[in-house]
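Take the two lone chains and join them into the complex the hints point to.
Sequences listed follow chains V and W, in order.
Each step along the first sequence adds one to the number in the working numbering, with nothing skipped, and position 113 is 113.
Each step along the second sequence adds one to the number in the working numbering, with nothing skipped, and position 74 is 74.
Treat the hints with care, as some may be off.
Taking lysine-lysine and the DSS-like style, the derived pairs with C-alpha atoms no more than 25 angstroms apart in a straight line are [as the list claims (entries may be wrong)]:
#, chain 1, residue 1, chain 2, residue 2
1, W, K77, V, K41
2, W, K68, W, K106
3, V, K66, V, K41
4, W, K56, W, K77
5, W, K106, V, K41
6, V, K66, V, K55
None of these hints come from the bench; they were simulated from the model.
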Amino acid sequence: GAVVSQHPSRVICKSGTSVKIECRSLDFQATTMFWYRQFPKQSLMLMATSNEGSKATYEQGVEKDKFLINHASLTLSTLTVTSAHPEDSSFYICSAQGTEHGYTFGSGTRLTVV
Amino acid sequence: GNSVTQMEGPVTLSEEAFLTINCTYTATGYPSLFWYVQYPGEGLQLLLKATKADDKGSNKGFEATYRKETTSFHLEKGSVQVSDSAVYFCALKNSGGGADGLTFGKGTHLIIQP
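Bound conformation, chain W alone (with noise of 0.2 angstroms):
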């Protein structure tokens, strides 16, 4: 079955330096790679996703990058604020269209602090 690991938290970073949040799957096929943020008292919110091999997905100056190869989905960002303390979710969806719900990781909860 499809599976989705992420590291664990809390991460915890000064503001201004550089994130890595790592991601790795388990999937049949090509699936869709997704990372969504969750602010305190919020629902989740697409942060940015990729749905093939060597995409990047950026938003919000986060990036990340389907890399096939590794299974992986890593999010980065080169300088980070106060603003984005938040829990982070990696996220996968089977490919082949249809309506399916998505994998998880346990997600991460980054703190930023002044």
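Okay, chain V solo, but in the shape it has when bound (with noise of 0.2 angstroms):
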């Protein structure tokens, strides 16, 4: 079945630093990427959708330029949290969109800003 593999699990910056969330899928073209973010005890919020070759589409409330999405193939898309606050510490998952697959989400990122 369709795979998408999204490294790193578990991630650890010092404040002010950018981290980088990539997101592959492995037996499929993705189409359409989706990035959510997950607070404690909360629901899956989608931040962006992007389009290979394209800009993402943010939704309203996320800032795009803190949150940089590229989409630069149909198997890849990334995800960089730039100058990280401890207030953007959450859980980051990444789901792709291929014509047949559905929806087939990543195994999330945990990422933690001190």
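What follows is the structure in structure tokens.
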């Protein structure tokens, strides 16, 4: 079946640094990638939608200059949290959508900013 | 806007008990409805779905019926097993096709005791 690999699974970074999270579709081409954020005991909140080769579409309230999304190929999307602060600590999950596979989710990245 | 409300957890049951996890939604039009399951350390996996009113989704002994009149999509299983312990998310997708992200509930942590 369709598999999405997300790395790293956990990352701790210092305040002010940037962190990159990768999301790869391993056995299918992802026409669209979605990035979600989940706070403790809250639902997954859609942050942005990206299509290969075009700019991402951000949800209201999500800072596009802070959460940089690159979708350079049909199998790879990256989310970079720039100048991270403790309030950016959260669980980030990607989801890839191919033409036949519906939504396939990565296993998530636990970001802790200290 | 869209929203999904599901019962708060954790829900603790004994093996072979009957399970119900309530889910209600608010959406415009006729959304597609989903249940996802997340086992520890893994990504979200699609459990079942329904795309129109009165449809019943089923998988691995779990069932949910799309009830338009009550805007509900409750998840049920007649006899749970320890291996069913996981976090369950109810979600919806707007109607009309296209690449839309999902709207999730907060998730319900299910614990099955032997």
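Structure-based check of each hint:
1. With a C-alpha separation of about 24 angstroms, the suggested pair W/K77 and V/K41 falls inside the 25 angstroms cut-off, and the hint holds.
2. A distance of roughly 21 angstroms separates the Cα atoms of W/K68 and W/K106; the hinted pair therefore holds under the 25 angstroms criterion.
3. Of the supplied pair hints, the one linking V/K66 and V/K41 holds, its CA atoms being roughly 24 angstroms apart against a limit of 25 angstroms.
4. With a C-alpha separation of about 13 angstroms, the suggested pairing of W/K56 with W/K77 holds against the 25 angstroms cut-off.
5. For a cut-off of 25 angstroms, the pair hint linking W/K106 to V/K41 stands: about 6 angstroms separates their Cα positions.
6. For the proposed pair V/K66 and V/K55, the alpha carbon gap of about 14 angstroms is at most 25 angstroms, so the pair holds.
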